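Enquirer: As a plain string of letters, each chain reads:
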Amino acid sequence: MATGTRANGRGAGPEQDTPTIAVIDLWKSFAGREVLRGVNLEVARGESFVIVGGSGVGKSVLLKHLIGLIAPDRGHIIIDGEDLTQSDPVRCLALRRKFGMSFQEGALFDSMNVFENIAFPLRRHTAMTEGEIAARVRECLGLVHLDGVELKATNELSGGMRRRVGFARAIALQPEILLFDEPNTGLDPITAGVVNSVIVEMREHLGVTMVTITHDMKSAFRIADRIAMLRSGRIVASASPEAFRSLSDPYIQKFLAGEPLEEDVA
Amino acid sequence: MSAEPEAVSRAGAFLERVGTNGIHLFEEVGRFFYILHTTIYWAFRRPFDGREWVRQMVRVGVDSIPVVGLTAMFTGMVMALQTYRGFERFHAEGYVASVVALSLTRELAPVLAALMIAGRVGSSLAAELGTMRVTEQIDALYAMAVEPVQYLVVPRVGATTLMLPPLVAFANGLGIFGGYSIAVGLLGANPVNYWDKTFQYLDLNDVFSGLIKAAVFGLILSVTGCSKGFFTTGGAEGVGRATTSAVVMASLVILVSDFFLTKILF
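Residue numbers (my numbering), protein chains in the order written: chain Z, 1 to 266; chain G, 1 to 266.
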């Protein structure tokens, strides 16, 4: 593992060749069931990295490790040269400022309207005036192609709109890294297409590093620079979209074609 | 011969249940103290969310006035009625006022108010935080570099702990008034005499220890409610379970700790 020496390289400072995110030998089990069994991955600065895999293989668990929502049993998560797993709670919060995360169902605060949801991180972390906050909220909503929904309650939004408000909230603080948890799940194909193009556009506009997990291959090919397959708690393949399509692994071919495995049918 | 292995397996099953429940109890206690500890840890760190504190104090304090007031008044009325009937038998009606005042300030007002607030506020804390947990809103807070304990739990626990003593002071007043109205209005006691006897044996110490109890009960019920909600799992059903058990646990702990507090304070 090339990054093995970096595990104790704290404070080395982010360099151009330093991966923004490095995960080293990550293990996690829940109630005796091993979900992650030695995951290794690196995401370069500005890269759009997509992790695919079947339901229940631990994609969400892996994503939540990256931002410190779940503590690993073993292993390291290095963000810009700093080990998240070794940081105290206050330092952890500071590291999280680099991230914006979009959740599966949006995870919008239902006690607030759309405007307040997006303004929340700005009010919390910046000294912006109300006027600046309003401008920033409009700008973020513009980036996800939602206008005139500021005063709507979150329960008035459709599934696709909730995701996009979630995106807007995630980019409000201009994060360096964006995480997407199943951005397309439960959406109709057209809305899913809209969400995909919003993600691609956001990337072009913001130039941020992105990690997306999904089981929707169409979406993966659309937004990825590199696709990795998570299976049995490990990253079993990682390649550019073109190369990924031509991988000979029978499981990946079945996954791409949407065909059942023999063991599942039997 | 076959009865013996069956008895052994029954004993095994019994021990297993005892063990499981014991572990479960340890987990609950651990979570309670985890929330208590992190609440204290984050309470004295920036940012201080004054608006949220006020909002919660209104919710716990002002909104609970009717229910606490009614409870205290009818308790005072019943106390007067019962003690009058009893004391009448040995011509000690004159002491009804003292008994009502002492038992209300020392015991009944703090405990009954705390139990009512446990039902009203403890349950809603568990339901609110539980819903936020299962809809990933708590994870979203973490992801936005906002410590959920600091943002959600600190103001709720703080407000409940601060608002219980004034509520109990108010309950003391209304309870004594309830007793007075029954004794004087219905049972024909001398109003001047009743008023004198109310304060004749009442120390400031009685009132203060009742208020200290109230603050401790407020802390217990809010930490219980928050920890139940914070660690909710299992969707809507889990939220229901958390809510119920928050009220049951808080009520039990209030009654048990009442004994020890009384032992220490008097």
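A portion of the hints provided could be inaccurate.
The list that follows gives simulated cross-link-like pairs (lysine to any residue, SDA-like), each with its CA atoms no further than 25 Å apart [to be verified]:
{"hint": "1", "chain 1": "Z", "residue 1": "Lys-98", "chain 2": "G", "residue 2": "Arg-45"}
{"hint": "2", "chain 1": "Z", "residue 1": "Lys-152", "chain 2": "G", "residue 2": "Thr-135"}
{"hint": "3", "chain 1": "Z", "residue 1": "Lys-98", "chain 2": "G", "residue 2": "Glu-128"}
{"hint": "4", "chain 1": "Z", "residue 1": "Lys-152", "chain 2": "G", "residue 2": "Glu-128"}
What the hints contain is simulated information worked out from the structure, not anything from laboratory work.
Computed from a predicted structure; not experimentally measured.
Enquirer: Starting from Lys-98 (chain Z), check that the Cα of Arg-45 (chain G) is at most 25 Å away, please.
Expert: The hint holds at about 21 Å.
Enquirer: Keeping to a limit of 25 Å between CA atoms, is the pair of Lys-152 (chain Z) and Glu-128 (chain G) held or broken?
Expert: Given pair Lys-152 (chain Z), Glu-128 (chain G) holds - Cα atoms ~21 Å apart, limit 25 Å.
Enquirer: For Lys-152 (chain Z) and Thr-135 (chain G), compute the direct alpha-carbon distance and say whether it is at most 25 Å.
Expert: holds, 19 Å
Enquirer: Could you grab the alpha-carbon distance between Lys-98 (chain Z) and Glu-128 (chain G) and see if it respects the 25 Å cut-off?
Expert: violated, 28 Å
Going down the numbered hints, you'll see the structure goes against just number 3.
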